[in-house]
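Construct all of the structure, not just a fragment, from the sequences and the given hints.
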Amino acid sequence: MKRGSTLSNYSTRCVGRTTRHYLVVHNTSQQNLAVRRSDMIKSTILSGISVLASSSGLVEPSFGKEAIATMAKTAPEVLDKVNLGKLVLSTLSDCSLAVSIYPTFSYNAAGGGGMGRIVSREGDIATVEFDPTTLSIPTIDYKSTKVLGIPIPPPLSIKIIPKELKGTVNMKTGEANLDFDASFQFDAGNLYHAAPLSVITTLSTEGSSGNLLQGPGTRLNADGKARLAGVAKVPKTGDSFLDGFLLLPSEALAVLSASLVMLE
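Note that our numbering has the sequence shown beginning at 1243, numbered continuously upward.
Hint data in this document are derived by calculation from the structure and do not stem from the laboratory.
Using N, Cα and C, we set each Cβ at its ideal position, and we do this for glycine too.
Treat the hints with caution; some may be incorrect.
[Claimed, not checked] When the alpha-carbon atoms are kept at most 30 angstroms apart in a straight line, the in silico DSBU-like pairs for lysine-lysine are as follows:
1) K1405 to K1328
2) K1408 to K1475
3) K1414 to K1388
4) K1414 to K1385
5) K1414 to K1328
6) K1478 to K1405
7) K1328 to K1408
8) K1388 to K1408
9) K1388 to K1405
10) K1388 to K1328
11) K1475 to K1388
12) K1385 to K1408
13) K1475 to K1405
14) K1401 to K1388
15) K1401 to K1478
16) K1414 to K1478
17) K1401 to K1475
18) K1478 to K1385
19) K1475 to K1385
20) K1401 to K1328
[As the list claims (entries may be wrong)] Beta-carbon label-pair distances, calculated as ranges:
21) G1480 to I1367: 38 to 48 angstroms
22) N1432 to G1365: 48 to 58 angstroms
23) G1431 to S1362: 39 to 49 angstroms
Next comes the structure, spelled out in structure tokens:
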């Protein structure tokens, strides 16, 4: 989404018994019409109807239709504490990772994601929270990750265990900022098990930069897709081999492509 865009129309799709809404954004020079539409949106939001719309022919999220329908029916009780709308986050294939001075990893995160909820709204700003018990991020291994075009060698793998994902989404502009806390667990089969690596950052559609690393972001578009980037300061783990290998303390970069769908 571009700055100054206005939300202009809605369309819905049914997945099983679950209605999916996508955000549709169009630029317009007709200010009066934009104001009337804006008023309609705010009225809709205040009435508790969650909206993310799309035009026809959109790419489906990484989660399949049956998975989305099941998640909507079986969302954990935590989602019902303060729930102004349920969310499905799906991670996509064109992601990347980097740590310290090493080359950037190309990372296919398709098939991951989880359930969330809108906990509050103030104007166009929605505060969202995802339940970490539903979040799943594909393991970094030879199947999903390449360095300089070459798959990382087995048996090396890195499991990503999400602890927290929450923040804000601007329903009008598509800007999103999500606080992300996760544990990265390095493993080399039975040969080596490293101490967990703590990564805490803010994944932002506005991009992120540190002293060493930086990554671009892209706001939510008409397909409900976005690119969020976050640079984290990574402390030492206490594992002398891992700390030395990754030159810790240092920085890590995550660039996550994802789609965001609201369920009614």
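Notebook entry, point to check: Which hints, by number, does the structure contradict?
Noted result: The structure breaks hints 3, 4, 10 and 16; every other hint is satisfied.
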